[in-house]
Each structure stands twice: as C-alpha cells, then as structure tokens.
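Taken in order, these protein sequences are the chains called X and W. Quick note: our numbering has the first sequence finishing at residue 642, numbered continuously throughout. Quick note: our numbering has the second sequence finishing at residue 366, numbered continuously throughout.
Bear in mind the hints are in silico, worked out from the structure with no lab data behind them. Idealized CB from N, CA, C, for every residue including glycine. Some clues are possibly wrong.
[As the list claims (entries may be wrong)] To give an idea of the interface, some chain X residues facing chain W are shown, with a C-beta separation under 7 angstroms as derived from the structure:
#1 Ala19
#2 Lys22
#3 Gly33
#4 Phe34
#5 Ile37
#6 Arg40
#7 Leu41
#8 Leu44
#9 Met46
#10 Ser48
#11 Val52
#12 Ser56
#13 Asp214
#14 Ala215
#15 Leu216
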Amino acid sequence: MRKNRRKARGAAPAKKVNAKLKTMAVAAILFLGFGAITVRLAQLTMFSDERVAEFSAKQRFRSIKLHMPRGMIFDRNMNELAVSVKLRSVYANPRRIDDPRSTARALAKNIEPKSHSRQNRLYTKLVKKIKASKDKYFIWVKRKVSPETYARIRKEKIRGVGFVKESKRFYPKRDIAAKLIGFCGIDNQGLYGLEYYYDDVIHPVDSRSIVRKDALGRPISTPGALSLPNVTAPYDLVLTIDERVQYITEKALERQTLASRAKGGVAIVMNPNTGEILAMAEQPKFNPNNYQRYKSGSWKSQAVSQAFEPGSTFKVFVAAAALEEKEAAPTEIINCENGRYTVGGKTFREALNHRYKMLTVTDVIAKSSNIGAIKIAERLGPRRLKYYLSQFGFGARTNVDLPGESAGLLRGTKAWSRTSLPSISFGQEVAVTPIQLATGISVLANGGYLVQPRLAKALMRGGKVIRKIETKVVRKILSESTVKSITNMMTQVVESGTGRMASVPGFTVAGKTGTAQKIDPATGSYSDDKFLSSFVGFFPAEKPRLVIIVMIDEPEGVVWGGAVAGPVFAEIASRSARILRIPGSETEIYEINWAKMLRRDNLAKDADKPGRIEKKLTGDTMENRDVYERFISVIESVKQII
Amino acid sequence: MPVKRQADYWIVACAMTLLIIGIVMIYSSSAVIAAERYGDPYYFLKRQAIWAVVGMASMVVAMRVDYRSLNRYSYLFYALAVLALIAVLIPGIGHSVNGARRWISLGFATFQPSEFAKLALMIFFAGLLAKKSAEGKLDDFQFGYAPNIAALGFVFFLIQFQPDLGTAIMISLVIFFMFIVAGIRMSYIVVTALLASPLILVSIFTVAYRKKRILSFLNPWEDYSDSGYQIIQSFVALSNGGLSGAGLGASQQKLFYLPEPHTDFIFSIISEEMGFLGAIIVLLLFMIFTWRGFRVGLKVHDKFGSLLALGITFAISAQAIVNIAVTLGMLPTKGLPLPFISLGGSALVMWMVSVGVLTNISEHAA
Numbered sequence: 001m002r003k004n005r006r007k008a009r010g011a012a013p014a015k016k017v018n019a020k021l022k023t024m025a026v027a028a029i030l031f032l033g034f035g036a037i038t039v040r041l042a043q044l045t046m047f048s049d050e051r052v053a054e055f056s057a058k059q060r061f062r063s064i065k066l067h068m069p070r071g072m073i074f075d076r077n078m079n080e081l082a083v084s085v086k087l088r089s090v091y092a093n094p095r096r097i098d099d100p101r102s103t104a105r106a107l108a109k110n111i112e113p114k115s116h117s118r119q120n121r122l123y124t125k126l127v128k129k130i131k132a133s134k135d136k137y138f139i140w141v142k143r144k145v146s147p148e149t150y151a152r153i154r155k156e157k158i159r160g161v162g163f164v165k166e167s168k169r170f171y172p173k174r175d176i177a178a179k180l181i182g183f184c185g186i187d188n189q190g191l192y193g194l195e196y197y198y199d200d201v202i203h204p205v206d207s208r209s210i211v212r213k214d215a216l217g218r219p220i221s222t223p224g225a226l227s228l229p230n231v232t233a234p235y236d237l238v239l240t241i242d243e244r245v246q247y248i249t250e251k252a253l254e255r256q257t258l259a260s261r262a263k264g265g266v267a268i269v270m271n272p273n274t275g276e277i278l279a280m281a282e283q284p285k286f287n288p289n290n291y292q293r294y295k296s297g298s299w300k301s302q303a304v305s306q307a308f309e310p311g312s313t314f315k316v317f318v319a320a321a322a323l324e325e326k327e328a329a330p331t332e333i334i335n336c337e338n339g340r341y342t343v344g345g346k347t348f349r350e351a352l353n354h355r356y357k358m359l360t361v362t363d364v365i366a367k368s369s370n371i372g373a374i375k376i377a378e379r380l381g382p383r384r385l386k387y388y389l390s391q392f393g394f395g396a397r398t399n400v401d402l403p404g405e406s407a408g409l410l411r412g413t414k415a416w417s418r419t420s421l422p423s424i425s426f427g428q429e430v431a432v433t434p435i436q437l438a439t440g441i442s443v444l445a446n447g448g449y450l451v452q453p454r455l456a457k458a459l460m461r462g463g464k465v466i467r468k469i470e471t472k473v474v475r476k477i478l479s480e481s482t483v484k485s486i487t488n489m490m491t492q493v494v495e496s497g498t499g500r501m502a503s504v505p506g507f508t509v510a511g512k513t514g515t516a517q518k519i520d521p522a523t524g525s526y527s528d529d530k531f532l533s534s535f536v537g538f539f540p541a542e543k544p545r546l547v548i549i550v551m552i553d554e555p556e557g558v559v560w561g562g563a564v565a566g567p568v569f570a571e572i573a574s575r576s577a578r579i580l581r582i583p584g585s586e587t588e589i590y591e592i593n594w595a596k597m598l599r600r601d602n603l604a605k606d607a608d609k610p611g612r613i614e615k616k617l618t619g620d621t622m623e624n625r626d627v628y629e630r631f632i633s634v635i636e637s638v639k640q641i642i
Numbered sequence: 001m002p003v004k005r006q007a008d009y010w011i012v013a014c015a016m017t018l019l020i021i022g023i024v025m026i027y028s029s030s031a032v033i034a035a036e037r038y039g040d041p042y043y044f045l046k047r048q049a050i051w052a053v054v055g056m057a058s059m060v061v062a063m064r065v066d067y068r069s070l071n072r073y074s075y076l077f078y079a080l081a082v083l084a085l086i087a088v089l090i091p092g093i094g095h096s097v098n099g100a101r102r103w104i105s106l107g108f109a110t111f112q113p114s115e116f117a118k119l120a121l122m123i124f125f126a127g128l129l130a131k132k133s134a135e136g137k138l139d140d141f142q143f144g145y146a147p148n149i150a151a152l153g154f155v156f157f158l159i160q161f162q163p164d165l166g167t168a169i170m171i172s173l174v175i176f177f178m179f180i181v182a183g184i185r186m187s188y189i190v191v192t193a194l195l196a197s198p199l200i201l202v203s204i205f206t207v208a209y210r211k212k213r214i215l216s217f218l219n220p221w222e223d224y225s226d227s228g229y230q231i232i233q234s235f236v237a238l239s240n241g242g243l244s245g246a247g248l249g250a251s252q253q254k255l256f257y258l259p260e261p262h263t264d265f266i267f268s269i270i271s272e273e274m275g276f277l278g279a280i281i282v283l284l285l286f287m288i289f290t291w292r293g294f295r296v297g298l299k300v301h302d303k304f305g306s307l308l309a310l311g312i313t314f315a316i317s318a319q320a321i322v323n324i325a326v327t328l329g330m331l332p333t334k335g336l337p338l339p340f341i342s343l344g345g346s347a348l349v350m351w352m353v354s355v356g357v358l359t360n361i362s363e364h365a366a
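So here's chain W without its partners, still in its complex pose:
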C-alpha cells in the first residue's frame, strides 16, 4: 500500500488562479451587457462569485474524501447520471432554452446534468476498466469492450437527445481516452471510431444550424453578417488586443459586437484586454495543469486512481483546447465553456469537484 504523501498543490493553484482570472474577466466582459439586460452591471459577477464559493467549498470537501471510496459507488454514479439525464428530458423538470433541454431548475439555480454525467462516467469507467483490467477481461469483446460501449452509447444517446452533440462528443472523447490508456486494444477503438463517425457526420449535416457552423468555419467571411459573425467579431477582438492588450476593461468587442463575451468567447475578450501576453498566461496555467494532472495519473499505482486522474485532466485540458481553438477559428463554433473561467454554475462546481478529486489522488502518487 503506497503511503500518503503531500498533495500536488500545483493543480489547486492553477485552478484557483484561472478561477480568479475568470471572475475578473466575467465582470469586465459582462458589465455592459448585464446593465443593458438586467439593469445591474454586477448581475453576472455576483452569480459567478456565489458559484465560485460553492465550487471552492465542494473542492475542499472532495479533497478530503478518499478517492478510493468513490470506486465502491461507481455503479451508483452511473445510475444517478442516467437518471438525471432522463429527468432533464421530461418537460416540467427539464428547462428548455432555445429549443435545447439541458438544464434542471432547482429554484435558486440551474443544474446541468450532462456536466455531472461527465464526472460520474469518469468515475464509473475508471472503476469498471480497473476491475476488468484486474480480471484480465479488458480485451474480451463480449464481456469487456461491448458492455463498455453499450454503457457509453446509452449516455451518448441521452445527451444527444437534448440535443447537445458537442457535450456528447466531448464525454465520449474523454471515455475513449480512458479506454486507450486502460489498455483496450487499439483495433477495437479504431473500428468503433470508424463506425461512429458516419453517424456523427450524418447528425451534423442533417441539422441545418450545425451544417452552417461547419461551413462558416471553413470561410467565415462568406457570411460575415450571419453565421460567420461571431468568429469574425472574435478576430476583431484578438486583433484589437495585439501584444499587450487594450487594457483591462477597455474592450470594444464586449459592447454587443461579440456575442457571449462572458461565456464561450471569454478568451477573445481576455486577449483583447490583456493582449497576447495575458492570453499566454492563461494558456500556461492550463499547460501546467495538464502536465501535473498527467504526472499524477502516471505516478499513482492504483489503476482506478490512475484512470480517474488521467480522465479528469484530459477532460479539462481537452475542453480548454477546444474552446480556445474555437475562439481562434481553428474549430467550428461550438457552445463549450472555458473551464474555470467562463461563466457557469453547476459546470464550475463540477470542475472544482474534479480538481478536488484529482488533488486527493495526487496525495497517493508515488
């Protein structure tokens, strides 16, 4: 049994710094919009501050819970995730915004089941894969791989039903990454990916707005007033930023030019106000986080802990990359928030809990 060591505070420090940058930038980017929409420039700042406190408290709790106890409840987590994802589809419980049913209203706040499902599935699959690995069934198609795919596929289907293809793909990406590092045969994974890709392509090109997003990604200038609008406004923000930025609070693009400046496109506003140098600091924090998270995953001897740590790190890191790549026009526009920084209630709490779990695992890394 490995001895308990000191936690990896690099991880906590990165997450906290990003969270604080986020609070500052949310205020800067949303004040004008909040004043216009709600008559209160602090509207989003207040919400983010409350969620940040809740998130930090949850992180501290998660840090104190021995991660190994999570393994015992891995099936329960899966069941809860499925239940929440089914609940959100029921009108009356699920809260619909712009035709997508993604939130459950708790009265004082909203809760996004798919965010919870992400962490729950990581715990579930870490446990399952560790067990199968111990039993040597990892490469067994009938009892090893096929049930995994079925469990993932069901969740994918539920999320896609909201519809929220982006989150469904992100979760699948994380779980597949866990399959790979758990040691499942690459041939299985490649074949699954080949089989799944036509389905995903069909679901993209049969829905008008998704198709439009992809096409406008290829040439945003073609339709600069409509589908290319957001990405071009992001380019304008980046161009305004230059090396050292326009100065904190001096963004022009947040004045209703760039939609969602405090959520999905907050990185553009960071670049506009703080410049290339400020944006690089954010990138560095994510890189340190990624490096430390992988280090934990590689060092911990316990298979469950290792898979969970790698899954959490990969989930946050990949989402950061995807989000930033979107703001830079390297990927099609997709409504994914930037971890720790973007305005987000339950999502922020889940990220903080994930950081807590990761930190707890790090205490057991050799």
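One chain only, chain X, in its complex shape:
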C-alpha cells in the first residue's frame, strides 16, 4: 500500500502526460470512427449496390386497376339495354389492421345489418381471411356494395378499410332481350350472350397502370409519380334490335306460351334484306341483374343453340327447290294418293288423316299435304334436295353473332335411308335452329339471297360511329320468278290454308304453318302429344319488310301451328307494322274477320262462333293506316265490352 502510494506520487508528472496521450488516443479512435462513417456514407449514397435499387423499385411500384367502365349496349334507336353503374367495393389492408376481430365485427355489422346469422357468418369469414393474409396490402371484403352500405361503412371510419370504385353491369330493361344480351361476371367479364361474344370489343382495353405507392400499399401522387397512360375507352355496342319490337315480341310470345301451358318458345323478327334481327324473344326468360337466381341452363339463347325438327314449315324449302329446278310449277297437279303413300316400306299419311286426291302444288303448300311434299321431293331426288337445303344454310352455322350456335342436323345423302327423303320433305330427320329457319325464310322474302343474320349494327365510341357492320350476303340461291311463285303459295296459306289465323289486317302475309311431332326421348319414336307448333312468314308479301318466325314448344290443348303460333305471328306483325310505319298492301280489299280477331285474344275458346262479322275496307296506303288504326280502337272497345 504504502509503496504504491509513493510510487504514484513520484510518477505524477509522467502520469499526466500519460493521461493526455490516452485521451488523444481515444479522440483519434473517435475520429477514425467518423472517418469510417464518411467513407461508408459515400459508398451507400453514391455507389450503392444494385440489389438496393432493384429492391427499391420492386417495393415502390404497384400496378393498379383503372376503373374504366365496360362499353354500353344500345338498341338500334340508342335506348340503353346494358349500362355500367359505379359502385363501391370494400377492401381491407391487413397490414394496417391491429385487431382483426374488432375490424371484422364493425364490417359485418354494417354489411349485414339485418340478419344476425348472416352477420356472424360474415364475421367468422372475415376474421379468418384477415388473419390468413396479414402480410398482404389488399384483400376484398365485399364487392360492389349498395350506396347505403357504403355510406354506413364510411361513417364508421374503420382503420385499414377502404373503398374502390368499381363498375357493375346493370340491365335497366331487366328480362327484356336478356337471352341475347347475356350478362357479366363480378370482374365485368362477359359470360353469356352478346356480353360474351363482343367481350373483346366492349371490355375496357388496357385498364392497368403503374403507380408509386407507400409501404401500406396506398398510391401516392408526388411530383415523381408516373402519369397515367391514355387508356382507350371501350366501344359501345349498338344492336340491330328494336327495343319496342323486342318488347311486343316478348309479350306476345309470353302470353301464348303461358296460355297454352307450353314448355317454352322462340320468336324472331328479322329484316330479310339486311339480316338485321329486330327482335329475338325466348320463353322462359330470366333477369340478368340477378342471374344467379336462375338455373344455369336457362341463361343461353335457345334460338341459336337448340335445333328442332321443323315439321311442315320445311315444305316451303322443298317446293322452292323444285320450282327453281323447274321440276314443278305452282298450278301443276300432284296426286296425293288419297291419304296413304308407301315409300321404302313405310306408309306416310296426312295430318288429321286428311284424304287429298289431286292438289295443285300451291294447294300442297296451302293445305300442308305431306304426301304432296314427298312427291315433289321425289322429283328432285336426294342429291338435289340435299344440295338446296344446304344452300339455304341448313346443317351449317349461320354465323350469327351469338355464342354457342348449333349447326343443326342435315346428314349427307350417303347416310340417308330409303325413308329419309320423304321424311325430310316434310321436316323430319332434320334439325334446324330457330335462327337457321328465320334465315332460310329470309331467302324467300328478299328475292333469293342467303344473308347472314346479325345482332350488331355498329360500334360507337364517344357518341360517334366508329364502325358500321354491313350486310353480308352469303350467296344467291333462287331466281326472281321462283321467289314470286313461292310467295304466292305462301300467301294462300294465310288466305285460305292452314295459316288463316296469322293474317294481319291491311297486309298480305306469306307464311307457313308447322306442327312437328317431337321425338319422345323415352321411346325414341314420334310422340302423340308432344308437338312443336310453329308459324313462319313474312309481310308485306309484295315488298317484304319483316320475316317473323314463331315456335311454341309443347303446347297443351290446341297444338296446330296455325292456331298456336299463327296468332302470335299476327300480333307481332301488326304491332311491329305500326311501330315501324310499314305501309300496308296497296289498293287491296281486306276481308276482316272480326270474330277471329277477337278470338285471338281468347284462344281457349272454341274456333267456330256464330255471328261472323265481315267488313270490306278499301283505300291506299295512308288511308289504310287510318282505317286500320280505327279498326284497332274498335277492337279495343269491343274487348272492354266483353
């Protein structure tokens, strides 16, 4: 101890120097530290690692969806059939949620305020979802909520919960034209109908953009933020459909399918000269605004996807082929074998066991003789019959602009049996879709041309027509004289034959009835009580403006095509004519059967009623319309009296 103290005292000045040196040494170490920091700082700020830049870019940018709405769908008169409305969708940012339970509770309470069980289910689902994705910046809570729900959640100001504007498809006319328009999925992708077929046209093109974001994933707009690219707006689609015609067609079809307790039905109104479809109605229908409530089988358009055996309506195509080939003339007499005719070991009969003897070719069509049709077809032979039917477009897709089109069934002659030709001549052993039938009838109505049916009229953008869709003539099939003759035969169907109930006051109508037995899937043979009742035709016969086909599937009670589908044709034709201002047949004398007109609205009642009222009306086109309109008003008042 003592020794130590003495030593310390003696070394005092040396120690002081020593202490100063040590201090300087520590100071030097500190300045070395500052120096090292400076070097490192220079390296990290000015010569940084490539990994850092890469990492920085990766985390800084985010591609976000721009909310470009889907193109609208209009009818030919620019009435909105499909629009996009802005709705908010609720999302959550799990990185900003501290307590998933309270967030989920608040959300569930506001999204499902009414039902407790639904609220609890949503709560459980959300808690699980938020917990499972706690490293994510974005999860959907609920897409496209109502404005009320949005307002409720917004008021709560829940941390980590935000909204995005999204567009939702809305169909203001509900079930009108639903089958052809189709609908979209949650991401606005077309799923059915025109929405699907024209998806690449009306779907927004490039709807993504790169933006800077903060670490919570929110886009930021600083001077350095990238400008948004110019996104080309999608096209609006203008249809050939006339909403008014569509409406009356649907109503007429619906009324008749319900009245006859039919399984379904299709009606198409088409302009034979351009291929434009003005109306395409189907039964049963659905509301595309909540398509999920309907069976998935009910979404697609049967008018293009389902093929039927057409029955007697097919006879007109056989007759047209024979006339074109000069194998028959309208006044030529055909031996109808007194109602029984055996070919290939099979005996063919007439409907209702009629026993026709000698009929002109015109009468064969007007009275719809099966044996007459077989005889005419025999003159053509299988090869030419098959050729003409193919020319009419049967057995091939019409390429109408709807998805899921069927080609129907028309076998090659090699596959024909000995009974095939007679069967086909009156519409068995072939299957055609309603759109094929309408296209085939159009050939007879437009002077012999096969035109492609279509639903799109134009593409527009920003109110301007960008592309007009032109009429597409596929080929010429029939000569002028053949068309004229066949039209005359078909007017006889309505004037004196099986299609009298399809007559339209003020117009000469050309048409053909069909009552096809359906094949019973249980037995594989033709059913006795399941029919496809149809009427196909066009008017005015002198200068056809509209082709209308009506098919009623499995009506009950009266099944004859003339009685079931004919009146529907007449109703659609007469009301369309008024809407479209189609001039009546000039200087014609009209024979109006009032009782028949009344019965049209009262189909359950028996056909023959006492007290036929007949009235002759004459006049030119303009007067005709006035007279006709007066006539309709009388009908309306009579109806009210009844």
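Keeping the supplied structure of chain X fixed, place chain W upon it in accordance with the hints.
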C-alpha cells in the same frame, strides 16, 4: 486558481445547429406518420419544439452553474440515479412499452431515468476519480478500482433489468473511458473487459431478438422482409439520396417503408433528402463538437472538470457514431437515438444540460 475565461461557444453553436436540423428533419420525416397515427401532421414537431425550448432553458441554467459545485453533490447524483432506476422497475411508476420498462410517466411527459443516470454517473465518477487520484488511490484495487466497478456494476445491472442492454453498455463505455483517461491501470481495465465480455455475449445470444439483430446485421438480405427489413430500407433511403439528396420533404422511405424515421433512423432520412452533402454537414458538426469538447477536457486544470468534460464529449460523440453506424449497417440495429437530432424528450433535455455543463467547464479552461 485559473481565471475565468470566455466560454467555448463552438460547442453551443454545434449543439444548437444540430438541434435545429433535428427539428426540421423530425417534421419532414414524421408528418405522414403523425397524420396517419394521430391525425395531426404536426404531432411530433410540436413535442420536439416544446422539449427543445425546455432543453435550451436547462442548458442556459447549466451554463450559469459553476460546475465545481456539482462535485459536492456527486454522491447525491449517484443516489438519485439509483433511486430513479429502481423506481422505473416498479409497475405503476415505470411505464412499459413493448415489454421494456424504461420510462417514468410524469403526466405531461415521460422521463427516462437511464438518460439522467448517464449524466449523474459521469458527475459521480468524475468526482470519485478526481478524489482517488488526489489521494493516490487510483491504482489501488481494494479501495480504488473495486468500489468503482461495484458502483458501475450495480447501475449496469439495474438498467439491464429494464431491459436496456444498449444503454447499459453505452454508459459503461463512457465510464470506462473516464477510467482510462483518469489513469487507472490499463491491465485492470483490460481484465475487466475480458471478464465482462462473456457475460454480455451470453446475454445477447440467449435473448432471441438480440441474436436475430446480430445475425441480420451480418447479412441483412438473408431475411429482408423481417429482421433485415429496417436496415435494407435504410440502404434504400441512402441510395435514393445520392450526392445532393431528393430534396427536403421528398423522402419516399418515410412513407412507412423505414420504421422509426424520426427517431433512431433519422440520419437515413437526412441522407435521403439532403444527400451525401447534407449528411456530411451533420457529421462535421459532431466532429467539431468532439474536437472542442476534448480540447476543453485537456485544457482545464481541474481533474474533476477535465474528467467530466471528456466524459460528456465522449458520451455524445460515441452515441452519434454508434447511431450513424447502425443506419449505415456497420453495427447491429440498436435503439439508440442520434443526440440533438432524434425525437426525444428527457434525453434531449439531458443532452442540452450536458452541453451547458461542458460550456461552463470551458470557461475555466486555460
């Protein structure tokens, strides 16, 4: 007796400049976070401004108090530091954040006893070492060194108990530095350091988060989304800064990418917004401060004053180096604020008081 001279205003000027840079950068780096968290972009700015005023007032008071009078109360300072460190461990008094009990709530503000303990221990040891030196007992193990170690060890233990290993090590570092410059035999110090290091290593590697910090320091890219996240975000900030910076307020990294941009990692944001050149100014200010502080320590004749001045300078300088080295990925992530600049309440006041004391000592430097 040395005459009273003019104070070293370099020291005050450096501290004040750093304080002002800090206020500006705290606002820039915290506005978005404050708006997000508290709905008020000025939340942290306001707090820092109040603390800065309190700090400057305390500094002025400390400048006016003759530092030699502190020597008389050196034991009292030690006792107060120990009391505060014990108080903070008592639930109800001590305020716990993320499992660490480091703050005492005073109602209007919080107070961090370990910050006070740092200055208190410097005063205490400056007095003790000066006395032992005068008595020639400095190298005496039984009456000189061992009691010193016991006094330090007790405080170390209390702080480590919070737990706050980083601060405990920082304080020990400062006191050991004072041991060295006071003239305690190097062999004692080296042996103590050798004995202590296994304990520190054990306490690092037995606690999962500390171990993780060390490992992620060695390779931050290994686990860039978790333990390496903060340091990589700091690299991104520095890289964004370049030579002249992105511009004041234009930091991207403060947008929730870099955690704690207004406290421990404020230097990264300074570098991002002001670039290498701006960051160098901050470094230069610290270097001038260090140089002037050491100059005072070497020039003052009084042993107590010399040790206290050197201790204060070393404490601030070393903490600045450690903090900046962490943001540059040169040391493992440690929650130490940058003196004068980082957001900090009672810590800022203690730094300002230290500057006041240092300035007062400088008035007596020859």
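Verification of the supplied hints:
no.: 1; hint: Ala19; result: holds (5 angstroms)
no.: 2; hint: Lys22; result: holds (5 angstroms)
no.: 3; hint: Gly33; result: holds (4 angstroms)
no.: 4; hint: Phe34; result: holds (5 angstroms)
no.: 5; hint: Ile37; result: holds (5 angstroms)
no.: 6; hint: Arg40; result: holds (5 angstroms)
no.: 7; hint: Leu41; result: holds (6 angstroms)
no.: 8; hint: Leu44; result: holds (4 angstroms)
no.: 9; hint: Met46; result: holds (6 angstroms)
no.: 10; hint: Ser48; result: holds (4 angstroms)
no.: 11; hint: Val52; result: holds (5 angstroms)
no.: 12; hint: Ser56; result: holds (4 angstroms)
no.: 13; hint: Asp214; result: holds (4 angstroms)
no.: 14; hint: Ala215; result: holds (4 angstroms)
no.: 15; hint: Leu216; result: holds (5 angstroms)
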